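Construct the complete structure from the given sequences, taking the supplied hints into account.
Counted the way the UniProt record's numbering counts, the sequence shown spans residues 1 to 481.
A hint or two may mislead.
Said to hold, decoys possible - Below, in silico cross-link-like pairs of lysine-lysine (DSS-like), each with a Cα-Cα straight-line distance of 27 Å or less: (1) K169 / K402; (2) K213 / K39; (3) K213 / K9; (4) K402 / K248; (5) K240 / K9; (6) K240 / K402; (7) K169 / K248; (8) K341 / K240.
Stated by the list, open to error - Derived CB-CB ranges, DEER-like: (9) V469 / G279: 51 to 61 Å; (10) W93 / G436: 13 to 23 Å; (11) S211 / E243: 41 to 51 Å; (12) T198 / L354: 29 to 39 Å; (13) K341 / V190: 47 to 57 Å.
Derived by calculation from the structure, the hints in this document are not laboratory data.
A quick note: this is a predicted structure, and the numbers were derived from the prediction, not measured.
Even glycine gets a Cβ: it sits at the ideal position worked out from N, Cα and C.
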Amino acid sequence: MKGAAVGLKRELGLFSAINLILAVMIGSGIFVSPASALKYSGSVGMCLVVWAICGVISLLGALAFAELSTVVPRSGAEYAYFMDSFTPLHPFWGPLPAFLYSWLMVIIIRPAEVAVIVLTFSEYLCQPVMDALCIANPQGVQQVKKAVALAGLGIITYINSRSVRLYVKVQNIFGSFKVLACLVVIACGVYELSIGNTANLAQGFAGTSASPKNIALSFYSGLWAYDGWSAVSTVTEEIKQPERNIPKSIMISVPIVTALYVCMNIAYMSVLSVPEMVGSQAVAVTFGERILGPFAFIIPLGVALSTFGCALSVQFGVTRLCYVSGQDGFMLQGFSFVHHKRHTPAPAVAFQGLVAFIFIASGDIVRLIEFASFMIWVSYGTAMVSLLVLRRTRSQVPRPYKVPTWIPIFICLVAVFLSVTPIVTDPDPMYLFALGFALLGVPVYYCCCYKKTLQPKACLNRLTYCLQVLFEAVPPDAPEP
1 MKGAAVGLKR
11 ELGLFSAINL
21 ILAVMIGSGI
31 FVSPASALKY
41 SGSVGMCLVV
51 WAICGVISLL
61 GALAFAELST
71 VVPRSGAEYA
81 YFMDSFTPLH
91 PFWGPLPAFL
101 YSWLMVIIIR
111 PAEVAVIVLT
121 FSEYLCQPVM
131 DALCIANPQG
141 VQQVKKAVAL
151 AGLGIITYIN
161 SRSVRLYVKV
171 QNIFGSFKVL
181 ACLVVIACGV
191 YELSIGNTAN
201 LAQGFAGTSA
211 SPKNIALSFY
221 SGLWAYDGWS
231 AVSTVTEEIK
241 QPERNIPKSI
251 MISVPIVTAL
261 YVCMNIAYMS
271 VLSVPEMVGS
281 QAVAVTFGER
291 ILGPFAFIIP
301 LGVALSTFGC
311 ALSVQFGVTR
321 LCYVSGQDGF
331 MLQGFSFVHH
341 KRHTPAPAVA
351 FQGLVAFIFI
361 ASGDIVRLIE
371 FASFMIWVSY
381 GTAMVSLLVL
391 RRTRSQVPRP
401 YKVPTWIPIF
411 ICLVAVFLSV
421 TPIVTDPDPM
431 YLFALGFALL
441 GVPVYYCCCY
451 KKTLQPKACL
461 NRLTYCLQVL
471 FEAVPPDAPE
481 P
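Quick look at the structure:
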């Protein structure tokens with residue numbers, strides 16, 4: 001409507017919110033490496049219990065985020081919650097957690113995740129073709145895969161910058177294919193069980209590990225596969241009726257993922273023995289080769305479609321974090337601008353595409369993401385603290401949805417466990433590097449955000465102007481032309 005503020009528009013309904021959560025939660029993990037939980041738990045029975053309990057834990061955490069989204073109806077998930085809960089407590093230390101969160105997520109973790117995911121997409125899209133054509137030149141194959149990954153990144157960035165409606169259409173299509181790929185695996189497992197292939201499952205809890213460390217690591221592996229349950233909270237400002245649709249989307253999508261994960265593991269175990277699963281580089285591909293014969297290409301294709309949709313949604317979410325942190329002065333102001341007609345944060349989308357491009361071009365980034373990503377659970381735990389703080393500081397705010405107090409306390413304890421486990425069980429100097437980069441944000445925050453007199457204002461203003469002209473972007477509160 002002419003004269004209305006440009007801003008972001010509420011274009012994501014319940015179905016799209018469900019698909020967003022499914023897209024981020026179901027990446028390549030359940031297809032490629034579901035064996036870690038089995039390796040550490042020691043038995044098929046305990047492994048299935050771990051997957052089920054991890055689903056319940058994820059649901060509890062997501063429901064706590066649903067309450068937070070009704071109290072703080074801004075995009076950005078943890079960032080928005082930290083700003084609203086901690087900022088009033090202290091002028092310097094209060095906003096610092098929000099800044100450090102955006103510092104890590106916008107510059108390192110999320111764009112690196114997108115880069116890793118599109119590289120996985122390229123791997124599973126190209127490898128069957130290379131095998132069929134008998135192409136064995138390793139150097140040439142790697143160059144082709146990197147080129148395909150960059151092309152995929154370009155398509156993702158274009159979709160997210162073009163319009164939210166285009167994103168919704170593409171994501172709904174890829175989300176449907178993703179669930180279909182999971183159902184194909186499950187259907188094959190049902191068939192195998194129906195003809196009596198139950199020997200592997202009949203082992204039950206035999207061989208269950210008695211080591212608390214191994215059981216802890218099995219839960220650690222399972223919970224990482226479920227990561228992404230907070231995805232819908234990153235786009236709160238674009239959800240229609242968020243107080244209704246966010247809790248509903250969580251209550252529908254997380255149980256769906258839990259059911260799919262448990263059933264897919266049962267399917268794998270109906271065909272593959274424990275040593276075969278633990279030793280496989282890509283369990284779903286091994287499963288497909290064993291049971292689908294000439295149609296085994298369906299599995300790599302399913303993984304490729306799944307990872308493309310996942311990368312699309314991860315980038316969609318982090319651009320909204322970039323957008324809100326730009327509004328608060330924690331990122332370039334230009335990142336908070338939106339295209340005057342398409343209502344997308346085009347400068348933020350382009351920035352995320354550029355950073356992911358740099359990561360892909362720079363080579364191996366898997367270890368970086370492994371060591372930096374343990375901090376994601378630090379942010380989840382801090383979000384639970386912010387929920388408890390907001391219950392005291394904003395007790396008068398209506399809460400259409402409210403979780404019992406024990407849930408945020410429990411999730412906070414889980415977050416501490418998941419943050420400490422990798423450091424204790426596998427100490428590595430790279431963890432210090434990740435922590436050092438996070439702490440590097442403190443002087444940046446002091447110089448550029450707390451003491452704004454130290455900002456290079458002329459340079460920043462010129463850069464903001466260039467972004468505005470290049471992307472035809474305007475401040476979100478500007479009137480629509």
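We went through each hint and held it up to the structure:
Among the hinted pairs, K169 with K402 is inconsistent with the structure: their alpha-carbon atoms are about 32 Å apart, more than 27 Å. For the given pair, K213 sits about 12 Å from K39 by alpha-carbon distance, which is consistent with the 27 Å threshold. At roughly 47 Å between alpha-carbon atoms, K213 and K9 are farther apart than 27 Å, so this suggested pair is violated. Note on K402 and K248: the hinted pairing holds, with a Cα-Cα distance of about 13 Å set against a maximum of 27 Å.
Straight-line distance between C-alpha atoms of K240 and K9 comes to about 9 Å, which keeps the hinted pair within the 27 Å bound. Of the pairs offered as hints, the one joining K240 and K402 holds, with about 19 Å between alpha carbons and a cut-off of 27 Å not exceeded. Among the hinted pairs, K169 with K248 is consistent with the structure: their alpha-carbon atoms are about 20 Å apart, no more than 27 Å. Pair hint K341 plus K240 holds up; C-alpha atoms about 20 Å apart against a cutoff of 27 Å.
At roughly 56 Å, the beta carbons of V469 and G279 sit within the given window of 51 to 61 Å. Our hint of 13 to 23 Å for W93 and G436 holds, since their Cβ atoms are close to 20 Å apart. At roughly 45 Å, the beta-carbon separation of S211 and E243 lies within the given 41 to 51 Å, and the hint holds. About 52 Å separates the C-beta atoms of T198 and L354, a value inconsistent with the hinted range of 29 to 39 Å.
For K341 and V190, the Cβ-Cβ distance of about 49 Å falls inside the hinted range of 47 to 57 Å, so the restraint holds.
Of the numbered hints stated above, those contradicted by the structure are hints 1, 3 and 12, listed in ascending order.
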